[in-house]
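Trainee: Listed here are the chains, written in short residue letters.
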Amino acid sequence: MQEAMERHGYVAEPAIATAAYLATQMRKPLLVEGDAGVGKTEIAKVLARVLDTELIRLQCYEGLDVNTALYEWNYQRQLLRLRMAERDGGDPAALENLIFGRDYLLERPLLRAITRREGPPVLLVDEVDRADDGFEAFLLEVLSDFQVTIPELGTIKAEHVPYVVLTSNRTREIGDALRRRCLYLYVEHPSLEKEVRIIRARVPEVSEQLAVQIGRFMQALRGRRLSKPPGAAETIDWARALMHLHHDRLDREAVDETLGCILKDPHDVAELADADRTALVERALVATSAP
Amino acid sequence: MTGRDLVAHLARFARALRERSVKVGLSDEVDAATALTLVDIGDRDEVRRALGASLKIRPRDRAAFEDAFDRLWREPGARGEARARRAESPARRENAALPRAGWGPGTPPNVAPRPGGIPEGRVPSYSADAMLRRKPFDECTERDLAAMERLIARFALQLATRRSRRLVPTRGRGLVDLRRSFRRALGSRGEFLSLARRARAIEVPRLVVLCDTSGSMDPHTRFLLTFILSLKKAARRTEVFAFNTTLTRLTPWLAPGRVGLTLDRLAAGVPDWAGGTRIGACLADFVEHHGDDVVNAHTVVVVLSDGLDRGDIAPLVGAMRTLHARARRVIWLNPLLGDPRYTPEARGMAAALPYVDVFAPAHNLESLERLVTLVAA
Numbered sequence: 001m002q003e004a005m006e007r008h009g010y011v012a013e014p015a016i017a018t019a020a021y022l023a024t025q026m027r028k029p030l031l032v033e034g035d036a037g038v039g040k041t042e043i044a045k046v047l048a049r050v051l052d053t054e055l056i057r058l059q060c061y062e063g064l065d066v067n068t069a070l071y072e073w074n075y076q077r078q079l080l081r082l083r084m085a086e087r088d089g090g091d092p093a094a095l096e097n098l099i100f101g102r103d104y105l106l107e108r109p110l111l112r113a114i115t116r117r118e119g120p121p122v123l124l125v126d127e128v129d130r131a132d133d134g135f136e137a138f139l140l141e142v143l144s145d146f147q148v149t150i151p152e153l154g155t156i157k158a159e160h161v162p163y164v165v166l167t168s169n170r171t172r173e174i175g176d177a178l179r180r181r182c183l184y185l186y187v188e189h190p191s192l193e194k195e196v197r198i199i200r201a202r203v204p205e206v207s208e209q210l211a212v213q214i215g216r217f218m219q220a221l222r223g224r225r226l227s228k229p230p231g232a233a234e235t236i237d238w239a240r241a242l243m244h245l246h247h248d249r250l251d252r253e254a255v256d257e258t259l260g261c262i263l264k265d266p267h268d269v270a271e272l273a274d275a276d277r278t279a280l281v282e283r284a285l286v287a288t289s290a291p
Numbered sequence: 001m002t003g004r005d006l007v008a009h010l011a012r013f014a015r016a017l018r019e020r021s022v023k024v025g026l027s028d029e030v031d032a033a034t035a036l037t038l039v040d041i042g043d044r045d046e047v048r049r050a051l052g053a054s055l056k057i058r059p060r061d062r063a064a065f066e067d068a069f070d071r072l073w074r075e076p077g078a079r080g081e082a083r084a085r086r087a088e089s090p091a092r093r094e095n096a097a098l099p100r101a102g103w104g105p106g107t108p109p110n111v112a113p114r115p116g117g118i119p120e121g122r123v124p125s126y127s128a129d130a131m132l133r134r135k136p137f138d139e140c141t142e143r144d145l146a147a148m149e150r151l152i153a154r155f156a157l158q159l160a161t162r163r164s165r166r167l168v169p170t171r172g173r174g175l176v177d178l179r180r181s182f183r184r185a186l187g188s189r190g191e192f193l194s195l196a197r198r199a200r201a202i203e204v205p206r207l208v209v210l211c212d213t214s215g216s217m218d219p220h221t222r223f224l225l226t227f228i229l230s231l232k233k234a235a236r237r238t239e240v241f242a243f244n245t246t247l248t249r250l251t252p253w254l255a256p257g258r259v260g261l262t263l264d265r266l267a268a269g270v271p272d273w274a275g276g277t278r279i280g281a282c283l284a285d286f287v288e289h290h291g292d293d294v295v296n297a298h299t300v301v302v303v304l305s306d307g308l309d310r311g312d313i314a315p316l317v318g319a320m321r322t323l324h325a326r327a328r329r330v331i332w333l334n335p336l337l338g339d340p341r342y343t344p345e346a347r348g349m350a351a352a353l354p355y356v357d358v359f360a361p362a363h364n365l366e367s368l369e370r371l372v373t374l375v376a377a
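Read top to bottom, the protein sequences are chains G and B. Under my numbering, the first residue of the first sequence carries the number 1, and numbering increases by one thereafter. Under my numbering, the first residue of the second sequence carries the number 1, and numbering increases by one thereafter.
Hints listed in this document are in silico derivations from the structure and should not be mistaken for laboratory results. Honestly, I wouldn't trust all of these hints.
Said to hold, decoys possible - Restraint ranges, calculated between C-beta atoms of paired labels, are given here:
(1) G:Arg197 - B:Leu38: 19 to 29 Å
(2) G:Pro266 - B:Val176: 51 to 61 Å
(3) G:Asp251 - B:Glu66: 32 to 42 Å
(4) G:Arg102 - B:Val176: 37 to 47 Å
Stated by the list, open to error - To give an idea of the interface, some chain G residues facing chain B are shown, with a C-beta separation under 10 Å as derived from the structure:
(5) Met26
(6) Gly34
(7) Glu62
(8) Gly63
(9) Leu82
(10) Pro92
(11) Glu136
(12) Arg172
(13) Arg225
(14) Ala241
(15) Leu272
What the hints assert, rightly or not - Interface residues of chain G toward chain B, partial, derived using beta-carbon atoms under 8 Å:
(16) Ala15
(17) Ala19
(18) Gln25
(19) Tyr71
(20) Trp73
(21) Glu96
(22) Asp132
(23) Asn169
(24) Arg170
(25) Leu178
(26) Arg179
(27) Leu183
(28) Tyr184
Idealized CB from N, CA, C, for every residue including glycine.
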């Protein structure tokens with residue numbers, strides 16, 4: 001699994017690979033938690049590529065309801081059909097059956113995930129912590145039975161049980177019941193060695209030396225008291241930014257120009273005073289010049 | 001190791017985790033057993049990772065998990081287990097005593113003498129034998145308390161009620177609910193005689209109260225605890241914590257009903273009651289250990305404190321920033337604010353202010369009354 005994930009450009013730690021492997025074998029949802037930008041969403045994307053299947057994504061937000069997550073009727077079509085029926089006359093019961101049929105149903109991510117005909121897809125339920133408790137309970141029901149009931153249509157059973165990945169930024173604790181249903185993985189910020197490999201894998205134009213410098217800088221930066229420590233996503237953005245600006249080594253000027261790529265909170269930017277930035281850059285450089 | 005040995009061993013491991021107060025359920029054990037059949041059981045690290053994922057070990061339980069794993073998953077076979085179990089038993093006893101450790105008389109008083117430069121305002125009383133003090137609570141009359149409870153019931157609702165983003169069916173005004181409208185129209189052969197509507201749901205109040213019980217707050221404590229108890233009555237999902245030099249979760253202690261009785265029990269139970277304060281350290285402790293569980297975007301956090309802190313202000317600022325970012329609203333009620341001579345220049349108070357949504361006095365009933373209108377506005 002680890003090799004397969006690496007082949008698709010994801011630098012996977014053994015812990016991530018083991019959890020992903022178990023999730024596919026045990027057919028259990030995988031709940032991934034961790035700080036923003038550590039690559040939680042990426043796990044689902046890579047999993048879809050490894051399994052060579054479709055990725056269906058459900059982005060959660062406050063107020064997300066069943067209509068948006070599961071299904072909605074195509075009202076415009078239904079109305080048109082009604083008007084036509086009015087003109088032609090006909091049996092009202094038959095009409096009702098018709099306009100509440102599968103053809104008039106708009107599938108939303110959850111329904112699509114369980115009705116996909118060409119093999120099981122990967123269903124990514126992103127940032128599940130943002131949805132309300134009520135939605136979590138509903139999700140729990142779908143994930144345990146893999147069937148949904150639409151009052152007008154009856155119960156729809158899953159064609160295949162999808163591979164499910166849930167992610168959470170821990171803005172709220174996920175309920176125990178949902179957690180029980182899943183396998184659990186906590187993703188930490190990458191180690192220096194892993195971070196350098198991530199940079200090399202995702203931004204191949206970056207030289208080994210610069211990658212190491214960036215890695216050291218980020219590692220040292222996360223040691224500071226920041227309210228939003230930068231994740232691997234920021235590292236990749238930053239490496240790309242440095243490439244676009246044709247910096248082939250890290251220096252004070254380069255850091256000042258591109259600080260917005262890695263620090264995204266005014267408090268944090270203020271916290272990182274001038275002297276501090278110089279110290280971080282020096283640390284990143286010294287370490288590489290004497291390997 | 002045979003399959004049955006493995007299951008028995010897993011059960012022992014799960015028990016060891018539970019003794020370390022890691023929540024592990026039967027279904028988790030079943031998952032773990034399945035997971036172990038899928039990985040190379042000879043590879044210790046692989047087993048560790050598989051158990052971590054299948055037992056749903058959260059970061060805060062990680063240390064306990066690693067510890068239990070090191071003890072119990074040292075080597076397969078009955079002997080290794082027996083040894084591991086012997087090694088574990090003292091730890092078990094220790095653990096059993098742990099939740100109460102902070103309450104007993106054996107705890108060393110964590111009180112440093114107050115330095116000379118106390119910010120003025122009202123000079124708080126301070127005593128070094130804080131551990132031994134048991135305060136009588138006999139200042140408020142029954143009538144005051146009854147009036148207060150009525151007031152606070154109203155206040156708590158206004159404080160915490162809000163409209164959710166979720167839409168629910170309503171009879172009144174709201175957005176058109178096409179799904180239900182359509183259903184209705186079918187009954188009248190496709191004519192939309194009336195439209196069904198949806199409006200934003202009203203959310204259940206959820207409060208977290210952090211109450212300072214240090215010496216400088218002493219004159220107000222009875223009053224404020226009454227306040228908290230009434231809040232708890234009005235909004236059942238209220239979590240209450242007391243802090244002075246350490247943080248204590250009070251929620252399980254707060255029985256509805258008699259205020260006086262609860263107060264006496266609390267004074268006996270909370271370590272360092274009427275002692276010193278380390279607001280920053282306590283709030284940081286709260287954010288770290290309880291923040292995930294009880295504070296979310298629906299929570300209103302109420303801090304009751306005078307902000308007289310002798311500790312470092314950095315943890316206070318960090319904790320307040322996190323709370324402010326995570327909670328719906330942060331309200332700081334300060335009894336000293338009732339004194340017209342008082343300005344919030346205590347270092348801790350000044351540092352916390354930028355992260356407070358509502359900063360208001362709380363020294364008597366009248367101040368709370370004003371707060372109701374303030375919050376409702």
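Trainee: All hints are to be evaluated individually against the structure, with a verdict given for each.
Mentor: Hint check:
no.: 1; hint: G:Arg197 - B:Leu38: 19 to 29 Å; verdict: 27 Å, holds
no.: 2; hint: G:Pro266 - B:Val176: 51 to 61 Å; verdict: 41 Å, violated
no.: 3; hint: G:Asp251 - B:Glu66: 32 to 42 Å; verdict: 40 Å, holds
no.: 4; hint: G:Arg102 - B:Val176: 37 to 47 Å; verdict: 25 Å, violated
no.: 5; hint: Met26; verdict: 6 Å, holds
no.: 6; hint: Gly34; verdict: 9 Å, holds
no.: 7; hint: Glu62; verdict: 5 Å, holds
no.: 8; hint: Gly63; verdict: 3 Å, holds
no.: 9; hint: Leu82; verdict: 4 Å, holds
no.: 10; hint: Pro92; verdict: 7 Å, holds
no.: 11; hint: Glu136; verdict: 12 Å, violated
no.: 12; hint: Arg172; verdict: 4 Å, holds
no.: 13; hint: Arg225; verdict: 7 Å, holds
no.: 14; hint: Ala241; verdict: 26 Å, violated
no.: 15; hint: Leu272; verdict: 15 Å, violated
no.: 16; hint: Ala15; verdict: 5 Å, holds
no.: 17; hint: Ala19; verdict: 4 Å, holds
no.: 18; hint: Gln25; verdict: 5 Å, holds
no.: 19; hint: Tyr71; verdict: 10 Å, violated
no.: 20; hint: Trp73; verdict: 6 Å, holds
no.: 21; hint: Glu96; verdict: 6 Å, holds
no.: 22; hint: Asp132; verdict: 6 Å, holds
no.: 23; hint: Asn169; verdict: 11 Å, violated
no.: 24; hint: Arg170; verdict: 6 Å, holds
no.: 25; hint: Leu178; verdict: 10 Å, violated
no.: 26; hint: Arg179; verdict: 5 Å, holds
no.: 27; hint: Leu183; verdict: 5 Å, holds
no.: 28; hint: Tyr184; verdict: 4 Å, holds
Taken one by one, the earlier hints fail for this structure at numbers 2, 4, 11, 14, 15, 19, 23, 25, listed in ascending order.
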